[in-house]
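Enquirer: Let the sequences and hints guide you as you build the complete structure.
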Amino acid sequence: MIETIQNIGDRFLKNPLAIVLFLTISLNLIIAPVVMAASGAEITRNTAYAIGILYCVTLALSVYLFTVIFQPERF
Numbered sequence: 096m097i098e099t100i101q102n103i104g105d106r107f108l109k110n111p112l113a114i115v116l117f118l119t120i121s122l123n124l125i126i127a128p129v130v131m132a133a134s135g136a137e138i139t140r141n142t143a144y145a146i147g148i149l150y151c152v153t154l155a156l157s158v159y160l161f162t163v164i165f166q167p168e169r170f
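For the sequence shown, counting from 1, position 9 maps to 104 in this note's numbering; every step adds exactly one.
Misleading hints may appear alongside valid ones.
For each label pair, taking beta carbons as the anchor points, the in silico distance ranges come out as [as the list claims (entries may be wrong)]: (1) I97 with F165: 34 to 42 Å; (2) E168 with A145: 35 to 43 Å; (3) R106 with V163: 23 to 31 Å; (4) L156 with L124: 19 to 27 Å; (5) A136 with I103: 36 to 44 Å; (6) T153 with A113: 15 to 23 Å; (7) I97 with Y159: 31 to 39 Å; (8) G104 with L124: 30 to 38 Å; (9) V115 with G135: 17 to 25 Å; (10) G135 with I100: 25 to 33 Å; (11) E168 with V115: 21 to 29 Å.
Keep in mind the hints are simulated off the structure, nothing from the lab.
Built from N, CA and C at the ideal position, the CB exists for glycine as well.
Expert: As structure tokens, then:
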């Protein structure tokens, strides 16, 4: 059991894209119901999830651009 958990952890560390996708999907599961609750019955569930994904992408781009502006020597 412990070896399986370590193996999964090693795979996540080798592939940072997997971590980003996992966190984005997890964050979207929190954001989408909030969007639906705030809008009432005016939008569908698919639209709420699309808005959540757009929010996550916008947030990620903002963090990336902020990092590039203040630490240009890393890039």
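Enquirer: Against each hint, give a clear statement of whether it holds in the structure.
Expert: Against the structure, the hints come out as follows:
{"no.": "1", "hint": "I97 with F165: 34 to 42 Å", "result": "40 Å, holds"}
{"no.": "2", "hint": "E168 with A145: 35 to 43 Å", "result": "37 Å, holds"}
{"no.": "3", "hint": "R106 with V163: 23 to 31 Å", "result": "28 Å, holds"}
{"no.": "4", "hint": "L156 with L124: 19 to 27 Å", "result": "20 Å, holds"}
{"no.": "5", "hint": "A136 with I103: 36 to 44 Å", "result": "40 Å, holds"}
{"no.": "6", "hint": "T153 with A113: 15 to 23 Å", "result": "21 Å, holds"}
{"no.": "7", "hint": "I97 with Y159: 31 to 39 Å", "result": "35 Å, holds"}
{"no.": "8", "hint": "G104 with L124: 30 to 38 Å", "result": "22 Å, violated"}
{"no.": "9", "hint": "V115 with G135: 17 to 25 Å", "result": "32 Å, violated"}
{"no.": "10", "hint": "G135 with I100: 25 to 33 Å", "result": "42 Å, violated"}
{"no.": "11", "hint": "E168 with V115: 21 to 29 Å", "result": "23 Å, holds"}
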